[in-house]
Amino acid sequence: LQMIAILDGGGGSGDGGDAGRYDGLTIYEAHVGMASEEGKIASYKEFTRDVLPRVKALGYNCVQLMAIQEHAYYASFGYHVTNFFAASSRFGSPEDLKELIDTAHGMGLLVIMDCVHSHASKNVEDGLGMFDGTDYQYFHGGGKGHHSLWDSRLFNYGKIEVQRFLLSNLRWFIEEFRFDGFRFDGVTSMLYVHHGIGTGFSGGYHEYFGESTDVDAVVYLMLANHLLHSREVLGEPCVTIAEDVSGMPTLGCPVADGGVGFDYRLAMAVPDMWIKLLKETKDDEWEMGHIVHQLTNRRFQERAIAYAESHDQALVGDKTLAFRLMDAEMYTNMTILKEPTPVVDRGIALHKLIRMITFALGGEGYLSFMGNEFGHPEWIDFPREGNGESFHHCRRQWSLAQDTLLRYPHLNRWDMAMQALGNWADLLRARDQYVSLKHEGDKVIVMEKARLVFVFNFNPTKSFTDYRIGVPLLQKYQLVLSSDDVAFGGHSRVDMATEFFAHESGQHGRPHSLSVYTPTRTVLVFAPESALASRPAPDLVPPIPK
1 LQMIAILDGG
11 GGSGDGGDAG
21 RYDGLTIYEA
31 HVGMASEEGK
41 IASYKEFTRD
51 VLPRVKALGY
61 NCVQLMAIQE
71 HAYYASFGYH
81 VTNFFAASSR
91 FGSPEDLKEL
101 IDTAHGMGLL
111 VIMDCVHSHA
121 SKNVEDGLGM
131 FDGTDYQYFH
141 GGGKGHHSLW
151 DSRLFNYGKI
161 EVQRFLLSNL
171 RWFIEEFRFD
181 GFRFDGVTSM
191 LYVHHGIGTG
201 FSGGYHEYFG
211 ESTDVDAVVY
221 LMLANHLLHS
231 REVLGEPCVT
241 IAEDVSGMPT
251 LGCPVADGGV
261 GFDYRLAMAV
271 PDMWIKLLKE
281 TKDDEWEMGH
291 IVHQLTNRRF
301 QERAIAYAES
311 HDQALVGDKT
321 LAFRLMDAEM
331 YTNMTILKEP
341 TPVVDRGIAL
351 HKLIRMITFA
361 LGGEGYLSFM
371 GNEFGHPEWI
381 DFPREGNGES
391 FHHCRRQWSL
401 AQDTLLRYPH
411 LNRWDMAMQA
421 LGNWADLLRA
431 RDQYVSLKHE
441 GDKVIVMEKA
451 RLVFVFNFNP
461 TKSFTDYRIG
471 VPLLQKYQLV
481 LSSDDVAFGG
491 HSRVDMATEF
501 FAHESGQHGR
511 PHSLSVYTPT
521 RTVLVFAPES
531 ALASRPAPDL
541 VPPIPK
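Sequential numbering from 1 applies to the sequence shown in the UniProt record's numbering.
In case anyone wonders, no lab produced these hints; they're calculated from the structure.
Some hints here could point you the wrong way.
Claimed, not checked - Distance ranges between label pairs, derived from CB positions: (1) Gly204 <-> Lys144: 21 to 27 Å; (2) Glu175 <-> Arg431: 48 to 54 Å; (3) Glu232 <-> His206: 33 to 39 Å.
Said to hold, decoys possible - Calculated lysine-lysine pairs in the DSS-like style (CA-CA distance at most 27 Å, straight line): (4) Lys276 <-> Lys438; (5) Lys56 <-> Lys45; (6) Lys449 <-> Lys438; (7) Lys45 <-> Lys98; (8) Lys98 <-> Lys144; (9) Lys98 <-> Lys56.
All residues carry an ideal CB built from backbone N, CA and C; glycine is no exception.
Make the full structure from the sequences, and use the hints.
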């Protein structure tokens, strides 16, 4: 009876949300406070004025806001929540946040919130800690209620009062601020009584459905998804995304089918793969089969958000893709006034390749953290005692992406072209994905999706002339995008005006074939004339500012 008061009619759609509105999410992950180039905490109003137009121009369709729930410690990245029913006052007033969301909606952008229901700040004076004088009102008592790695309190999801508190919190943010959904943080910690601490997952079902499963937490997540997908309660279903590293089966299946009900799960193994390759493996030893496997290894009929890097990879102690690729040379050799060094040339080429193959092959949605689209240098480090309370690494140097004497605009233009390609072809909504070639010797991957043919050449030294690739149609193909274009920091070794006619003979298990020139460390994207006839391709190469 108490649950009915929250669900208010209960019969949620259980269908994983609105099938059309939330298909093909391209998420721009953002933190309001660090969104300024100045060494300060930025505001909701500044984000609305300066960042939202940028997100729209890049071509993303969704903004994910971090650190919205009130938190006392800025350097916690918003993950030690002290007041669940308050928007962070550091960034401005609740009305300012509402204006931000309304403005985004006016631009056609969805806005989702990074939601922390996996744990809470242990603070007593300004948090839920010892709220009624005990340590077990909202949390498990004793050591069971303390997360040893996060130094925070753990909810007792078996209590009806806790369920009411957290479900009401979700509904409040939807109804008060008009968020379009939530990315649930730390779901792995919720799903298991060991919270994933010191535990590896081999994929065995006994790891997911055994004594280590926190059934109360699973039920809470099912209730949360039931509520958030209920048209009867909210009018418009919301989108939900799970951050889970364990690979829990059915996490992304509808509640009505016995699943937990999330619309998407984050493909967390993908950025780990790229980091491991860049750290431990020589370029000429990358295994194409391994890359394809990691990008496509996801639960059947459970949608995934793919990403090459998020805020996690940018934190102090880690490195962004760009900084891992080019490191100290980003300080001295990013100028266009001289030829790129081998390190910078490699870094820019691989940055484009990694992001495109992740975008095209890795999931049904895509995510990127703000600034990473143009290869933002260095790392994120919040002001704290250990760094002299400095904001130097807690800001975004947007001017780098506009400086025409530097190479950052090349990567920025590439990200815009990538998003434009995806929007034109409905790439992330397509279900006809097919990999026709994984050539370990040549280091070439050929894939088809949304009627497009992608040719990835990861070979660090070899370009291939008259390279035969399989295609499905006996038609003329047009090259619609090349990462080697000079506008993207390439060498323009491929003429975009060249016409490619399919041969009757097949290749790589496909009925027909093309002969193409594929330069080293590039991706080429081809479209058949039938696709172009029904929907002409946009100009995917933005003009280079003078």
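Hint-by-hint comparison with the structure:
Between Gly204 and Lys144 the C-beta distance comes to about 25 Å, which sits within the given range of 21 to 27 Å. The given range of 48 to 54 Å is broken by Glu175 and Arg431, whose C-beta atoms sit roughly 34 Å from each other. For the pair Glu232 and His206, the beta carbons lie near 38 Å from each other, so the given range of 33 to 39 Å is met. Annotation: proposed proximity of Lys276 to Lys438 holds, straight-line Cα distance about 20 Å (limit 27 Å).
Proposed proximity of Lys56 and Lys45 is supported: the alpha carbons are some 16 Å apart, at most 27 Å. For the hint linking Lys449 to Lys438, the alpha-carbon distance of about 16 Å falls within 27 Å, and the restraint holds. Distance check on the hinted pair: Lys45 and Lys98 sit about 10 Å apart at the alpha-carbon level, within 27 Å; holds. Only pairs whose Cα atoms come within 27 Å are accepted, and Lys98 paired with Lys144 is rejected, the gap being roughly 38 Å.
For the hint linking Lys98 to Lys56, the alpha-carbon distance of about 18 Å falls within 27 Å, and the restraint holds.
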